[in-house]
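Engineer: Residue 163 in the working numbering sits at position 156 of the sequence shown, with consecutive numbering throughout.
Hints are not guaranteed to be accurate.
[As the list claims (entries may be wrong)] In silico DMTMM-like links for lysine to aspartate or glutamate, alpha-carbon gap of 25 Å or less:
#	residue 1	residue 2
1	LYS37	ASP91
2	LYS14	ASP30
3	LYS58	ASP91
4	LYS162	GLU137
5	LYS147	ASP164
6	LYS162	ASP43
7	LYS37	GLU47
8	LYS37	ASP109
9	LYS58	ASP93
10	LYS146	ASP163
11	LYS58	ASP109
12	LYS146	ASP93
13	LYS121	ASP93
Please keep in mind that the hints were generated in silico from the structure rather than gathered at the bench. Note that the structure is a prediction, hence the values are computed from the model and not measured.
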Amino acid sequence: MIENIIKEAAGCGACSNWYHSIDRSNLLEKYIMNVDWCMESGYPTRETFVKNTSEEELLEHNIYNNRAKEVVFTGGKYIFNWSDCDLYIPEWAYGTIHAGNDTILNITIKKNSKLYIYAYSNTLIRIFVESNAQCVIYKKSNSVIVNLGGDIIIKDDKH
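Could you build all of it, start to finish, from the sequences and the hints given here?
Structural biologist: Here is the structure:
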């Protein structure tokens, strides 16, 4: 299992220091620590997660992969990879979402919340923001943002 992950990571351009230090216990932490590289290189794939992790392991690390039900955001960093998610941000929440390749997010942000979203390649975000909530979206050029109501700030992500 780990050998397959190492081969996939090396094929996507991961440096040897990254994949030589992988073991089962730190695999998901590696993805989170290197989230920009993972999202930009399209690695890991949904299939990698399905074959090598359980739903419980993913949720423990705030990774939501291919979930089509409502998720309550309670702070911290949530990472969505190649998924189709409905996300409900309750009042007074604060956090960051990294929306990976080919992700579809339907998001409702309740009042007095603040959210930062990094939309990587081919991301579709449908968003509704209540009054007194703040949302800033950093998007790649081929991502689509559909504002269903409320104030959002969209910035082109140049890195």
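Engineer: Please go over all the hints and tell whether each is borne out by the structure.
Structural biologist: Hints, one by one, checked against the model:
Straight-line distance between C-alpha atoms of LYS37 and ASP91 comes to about 23 Å, which keeps the hinted pair within the 25 Å bound. The straight-line distance between the Cα atoms of LYS14 and ASP30 is roughly 14 Å, inside the 25 Å bound, and the hint therefore holds. For the hint pairing LYS58 with ASP91, the CA-to-CA distance comes to about 19 Å; that is within 25 Å, so the pair holds. Of the pairs offered as hints, the one joining LYS162 and GLU137 holds, with about 20 Å between alpha carbons and a cut-off of 25 Å not exceeded.
The suggested pairing of LYS147 with ASP164 holds, with an alpha-carbon distance near 5 Å, which does not exceed 25 Å. Taken as a hint, the LYS162 and ASP43 pair is honoured in the structure, with Cα atoms around 17 Å apart against an allowance of 25 Å. Using a Cα cut-off of 25 Å, the hinted pair LYS37 and GLU47 holds, with the two alpha carbons roughly 15 Å apart. Distance check on the hinted pair: LYS37 and ASP109 sit about 21 Å apart at the alpha-carbon level, within 25 Å; holds.
Of the pairs offered as hints, the one joining LYS58 and ASP93 holds, with about 24 Å between alpha carbons and a cut-off of 25 Å not exceeded. For the proposed pair LYS146 and ASP163, the alpha carbon gap of about 5 Å is at most 25 Å, so the pair holds. Straight-line distance between C-alpha atoms of LYS58 and ASP109 comes to about 19 Å, which keeps the hinted pair within the 25 Å bound. Between LYS146 and ASP93 the CA atoms are separated by roughly 19 Å; this keeps the pair inside 25 Å, and the hint holds.
The straight-line distance between the Cα atoms of LYS121 and ASP93 is roughly 17 Å, inside the 25 Å bound, and the hint therefore holds.
Violated hints are absent here; each numbered hint is respected by the structure.
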